[in-house]
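Those sequence lines, one after another, are chains U and F. Heads up: the first sequence is residues 1 to 388, going by our numbering. Heads up: the second sequence is residues 1 to 298, going by our numbering.
It should be emphasised that the hints constitute simulated quantities derived from the structure, not laboratory data. Keep in mind that this is a model prediction, so the values were computed, not measured. Be a bit skeptical, because a hint or two may be false.
Using 20 Å as the maximum straight-line C-alpha spacing, the simulated DMTMM-like pairs for lysine to aspartate or glutamate come out as follows [claimed, not checked]:
(1) Lys339/U x Asp363/U
(2) Lys285/F x Asp374/U
(3) Lys146/U x Glu107/U
(4) Lys43/F x Asp6/F
(5) Lys114/F x Asp150/U
(6) Lys215/U x Glu244/U
(7) Lys56/U x Glu37/U
(8) Lys175/U x Glu162/U
(9) Lys175/U x Glu127/U
(10) Lys107/F x Asp309/U
(11) Lys107/F x Asp150/U
(12) Lys205/U x Asp220/U
(13) Lys215/U x Glu249/U
(14) Lys247/U x Glu162/U
(15) Lys139/U x Asp150/U
(16) Lys107/F x Asp190/U
(17) Lys146/U x Glu100/U
(18) Lys56/U x Glu30/U
(19) Lys120/U x Glu217/F
(20) Lys120/U x Asp80/F
(21) Lys114/F x Glu63/F
(22) Lys381/U x Glu275/F
(23) Lys381/U x Asp6/F
(24) Lys114/F x Glu238/U
(25) Lys146/U x Glu134/U
(26) Lys113/F x Glu231/U
(27) Lys205/U x Glu100/U
(28) Lys205/U x Glu105/U
(29) Lys2/U x Asp363/U
(30) Lys107/F x Asp236/U
(31) Lys61/U x Glu100/U
(32) Lys14/U x Asp363/U
(33) Lys114/F x Asp87/F
(34) Lys373/U x Asp6/F
(35) Lys113/F x Asp150/U
In case you want the letters, here they are:
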Amino acid sequence: MKIHEFQAKELFRKYGVAVPRGGAAFSVEEAGRLAAELGTFPVVIKAQIHAGGRGKGGGVKLAATAEEVRQFASSILGMTLVTHQTGPDGRLVKKLLIEEGLPIEKELYLSVLPDRGAAKIVFMASEAGGMDIEEVAAKTPEKIIKVYIDPLIGMKGYHANELAFGLNLAGDQAKQFTAMALKLYRLCVDYDCSLVEINPLVLTKDGNLIALDAKINFDDNALYRHKDILEYRDLDEEDPFEVEASKYELNYIRMPGGNIGNMVNGAGLAMATMDIIHQAGAEPANFLDVGGGASAEQVEHGFRIILADPCVKGVLINIFGGILRCDRLASGVVEAANKVGIKVPVVIRMEGTNVEEGRRILDESGLNLITAKDVSDAAQKIAAIVKA
Amino acid sequence: MSIWVDRNTRLLVQGITGREGRFHTVNCKNYGTNVVAGVTPGKGGQDVEGIPVFDTVAGAVRETGANVAMVFVPPAFCADAILESIDAGLPLIVAITEGIPVMDMLKVKNYLKKSGSRLIGPNCPGIITPGQCKIGIQPGHIHSPGHVGIVSRSGTLTYEAVHQIQRFGMGQSTVVGIGGDPVNGTSFIDCLSAFQADPETLAIIMVGEIGGSAEEEAAEFVSQHVTKPVVGFIAGLTAPPGRRMGHAGAIISGSSGTAGGKIAAMRQAGITVVENLGEMGAIAKDAFASALSGVVEK
C-alpha cells in the first residue's frame, strides 16, 4: 500500500525524524492559510499523488509571496499531473502539501527496506541525493552505500556509523544522522514498511539534517496489524475497477489499453495467460487471479468486473482446477453470465479436478461459450476474436 | 529415489483442525502419504479422521516420530508455527499459508539459516513425489511417477507443466513448489542441486516469474553445476512495473526483475526456454529426448 508524502511526514514526526514545517491543504484557501501560518517565504507547494517525478511534471512550485501561493495552489489543484510513474493518463491532483522552503547546503539520499535476496533489512545511502536512485545505481553504483542488518539482531550503532561516515558527515551532522537512521529503522520494522525513502535528505545551510521528501510503502500482508495505516488509504489514487475488486478480495489489476479480459486461478498461470493473449496478437485488459479457494460468488463478481470494462472485446477464462474445482467455476460463470448478460465472446479452457462435470454444466447452460481444449487452442481462439 | 519426500516420510500437520488444514490433510492421506500427527494448541487429545492431535510440535514428534511438518496455520500466527517446528528439530517444513508478513519471514529465514531445517514455501502448493508422498494442496491425480524434476514459484502453473508433460508420456520424480513470496525457505538453486544429485531425476523443468533475481542466480548455477537438460519458463512478460501481480514476490521494481532479463539469463546458461506456455510439453519432449531415451515411464 502506498500513502501520500504528507502522511509519510506525519509518521516521520511521530518518530522524531525532522521534516520541514507545513501541512496538507485541500483547497486554495487552506493553502493560503497554511502559508500565512508558516510566517516565512519562500513556501513550497507540492502536489500530493501516489507517484514520483512530480517536480518534472510541474507539480512542485516555490512561491515567494502570498499571491504566488494562491496562484500556484489554484493551478496545481485540479491539474492532471503526468509523470514517468503515472502513465500517459496522469493523475488528478486533489491535495497539496504546503511547506516552508529551506536553504539547502547539500542533498543526500537515504532509504531502508527489506532486501528479499539477502533476507536482511538494507539501508541505502548516497551523496548523490535528489536524483533518480535507479539511475545512480546503474551509472555510478560506487556512489551508493549499502548496510545490511540482521533482523534478529536489529540495528546497532555501528551500522549507523558506517552510513554516516560513508556519506562524509562529521561532528554534529553525523550525530543527527545516526539518530535519524535508528529512528527510521524502528519505523520500518514497527510498521512493516516495504520501503521508507527520503530523496532528498537535506543538510541545510544552518547545519540541520531534514527529510525534504518522504515516501513510505507498506507490506499489504501486514496491514491487518496496522489499522492506523489503513486510515491513510486514498481511493482517489486507485483504479475504480480495482477498488470494486478489492471488496471481494479478488486479485485484480487493470491493464489500460488492453482488449481481452481474462480470469484465471493462480497468480503464475494468470500472468502466463496474459502473456499468451499478447503472443496471440491481442492485449490483456487485466490481471485477475480468483485464487485457489474461490467461491461461485467471487467468480461471479470477477466476471462482472471484467465485463464492466468497456475496452474488453472478448474474455478468456483459463482454469486449472486444483482446490478450485472446475464444476464450481463453471457454476459461477453460468450464474454471472445469466445475471450480467454477455455481450462479448467468451473462450473457456478448463482442466483438472472435476473437469468433466464443469464441461457438462457449461454445455447445458445454453450460453454461447467457446470451449478450448488446451492453452494453445485458447490463444488461437482469442486471436480469432480480435481479428474479427 | 526422489528428493526430500518419499515412502518413509512421516507427516505432521500444523493447523490440522482448521477448514483448509483438515481438507488437505485428508487428501494427502488418501493419496498415500503417511500422516502421523496433527498439532493445534489447545486441541491435544482430539483426532482428525483418526489422526491424533497434539498441543505442541515437540510433543507430537516425541509421540509419533514425525519427520516432516506441513503448515496450514493462518498468516498472523504462521511464522510462530514455523519457528516451533524448527525448534522441534524437524528436518523438513512445508508451509502452504499465503500472506505472511515479510518482516516475519525475514526473522524466520535468518533463524532457519542457523538451524538444520529446510523450509519449503511459504505461499506454495507443496511438494509431491508421485506414487509415494504428497504434501500440500496439489491435485494428486494429475501426476505420475517418472524422471522429470519440476521446481516452480507458482501453483497452478506447476500443474499446467505437469499436465503438459504427462500428455507426452513424461512422469515426474519430484515436483516442488517453492512459493510466490519474496522471502522463502528453499530456492531454485537448492532444488536444482538436489535434482542434479538425484539419480532418479534425468531432466528438469524450472518455472519462474517476474520479481527478484532468483531465476538469474539459478541460471548461473545451471551453467556451472547442472549437467541434466533444463527447460525453463518465465511468467509475466506483459506485467506492468511496480504492480504486485497476485504473488507478493511478483513485482518488477524499477528495471530489475523483468521477464526479459530472466529469459536472457536462462538462455545464456544453456536452458531451453519456453516462450509460449502452450508449447511447454512439446518443447520438453524434444529437449529431454536423449536424456529420457530408453527409460520406461509408468
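Status of each hint after checking the structure:
1. With a C-alpha separation of about 18 Å, the suggested pairing of Lys339/U with Asp363/U holds against the 20 Å cut-off.
2. Between Lys285/F and Asp374/U the CA atoms are separated by roughly 17 Å; this keeps the pair inside 20 Å, and the hint holds.
3. In summary, the hint linking Lys146/U to Glu107/U is supported, as the alpha carbons are separated by about 18 Å, within the 20 Å threshold.
4. Restraint check for Lys43/F and Asp6/F: not satisfied, since their Cα atoms lie roughly 29 Å apart, outside the 20 Å limit.
5. Straight-line distance between C-alpha atoms of Lys114/F and Asp150/U comes to about 12 Å, which keeps the hinted pair within the 20 Å bound.
6. Between the alpha carbons of Lys215/U and Glu244/U the distance comes to roughly 26 Å, so the proposed pair goes past 20 Å and is violated.
7. The hinted pair formed by Lys56/U and Glu37/U fails the criterion: a straight-line CA distance of about 28 Å is larger than 20 Å.
8. Of the supplied pair hints, the one linking Lys175/U and Glu162/U holds, its CA atoms being roughly 12 Å apart against a limit of 20 Å.
9. Only pairs whose Cα atoms come within 20 Å are accepted, and Lys175/U paired with Glu127/U is accepted, the gap being roughly 17 Å.
10. Using a Cα cut-off of 20 Å, the hinted pair Lys107/F and Asp309/U is violated, with the two alpha carbons roughly 42 Å apart.
11. Straight-line distance between C-alpha atoms of Lys107/F and Asp150/U comes to about 8 Å, which keeps the hinted pair within the 20 Å bound.
12. With a C-alpha separation of about 39 Å, the suggested pairing of Lys205/U with Asp220/U is violated against the 20 Å cut-off.
13. Among the hinted pairs, Lys215/U with Glu249/U is inconsistent with the structure: their alpha-carbon atoms are about 26 Å apart, more than 20 Å.
14. For the proposed pair Lys247/U and Glu162/U, the alpha carbon gap of about 45 Å is over 20 Å, so the pair is violated.
15. For the suggested pair Lys139/U and Asp150/U, the alpha carbons sit about 28 Å apart, so the restraint of at most 20 Å is broken.
16. Annotation: proposed proximity of Lys107/F to Asp190/U holds, straight-line Cα distance about 14 Å (limit 20 Å).
17. With a C-alpha separation of about 31 Å, the suggested pairing of Lys146/U with Glu100/U is violated against the 20 Å cut-off.
18. Between the alpha carbons of Lys56/U and Glu30/U the distance comes to roughly 25 Å, so the proposed pair goes past 20 Å and is violated.
19. Distance hint between Lys120/U and Glu217/F is fulfilled; the C-alpha atoms sit about 18 Å from each other, no more than 20 Å.
20. Under the criterion of a C-alpha separation no larger than 20 Å, the hint pairing Lys120/U with Asp80/F is consistent with the structure, at around 19 Å.
21. Distance check on the hinted pair: Lys114/F and Glu63/F sit about 26 Å apart at the alpha-carbon level, beyond 20 Å; violated.
22. A distance of roughly 19 Å separates the Cα atoms of Lys381/U and Glu275/F; the hinted pair therefore holds under the 20 Å criterion.
23. The suggested pairing of Lys381/U with Asp6/F is violated, with an alpha-carbon distance near 42 Å, which exceeds 20 Å.
24. Of the supplied pair hints, the one linking Lys114/F and Glu238/U is violated, its CA atoms being roughly 42 Å apart against a limit of 20 Å.
25. For the hint pairing Lys146/U with Glu134/U, the CA-to-CA distance comes to about 14 Å; that is within 20 Å, so the pair holds.
26. With a C-alpha separation of about 37 Å, the suggested pairing of Lys113/F with Glu231/U is violated against the 20 Å cut-off.
27. Between Lys205/U and Glu100/U, the direct Cα distance comes to roughly 14 Å. Compliance with the 20 Å bound is thereby established for this hinted pair.
28. The hinted pair formed by Lys205/U and Glu105/U meets the criterion: a straight-line CA distance of about 5 Å does not exceed 20 Å.
29. In summary, the hint linking Lys2/U to Asp363/U is not supported, as the alpha carbons are separated by about 44 Å, beyond the 20 Å threshold.
30. For the suggested pair Lys107/F and Asp236/U, the alpha carbons sit about 35 Å apart, so the restraint of at most 20 Å is broken.
31. For the proposed pair Lys61/U and Glu100/U, the alpha carbon gap of about 12 Å is at most 20 Å, so the pair holds.
32. A C-alpha spacing of about 60 Å is found between Lys14/U and Asp363/U, which places the hinted pair above 20 Å, so the restraint is violated.
33. Simply put, Lys114/F and Asp87/F have alpha-carbon atoms about 11 Å apart, close enough for the 20 Å limit, and the pair holds.
34. In summary, the hint linking Lys373/U to Asp6/F is not supported, as the alpha carbons are separated by about 34 Å, beyond the 20 Å threshold.
35. Pair hint Lys113/F plus Asp150/U holds up; C-alpha atoms about 12 Å apart against a cutoff of 20 Å.
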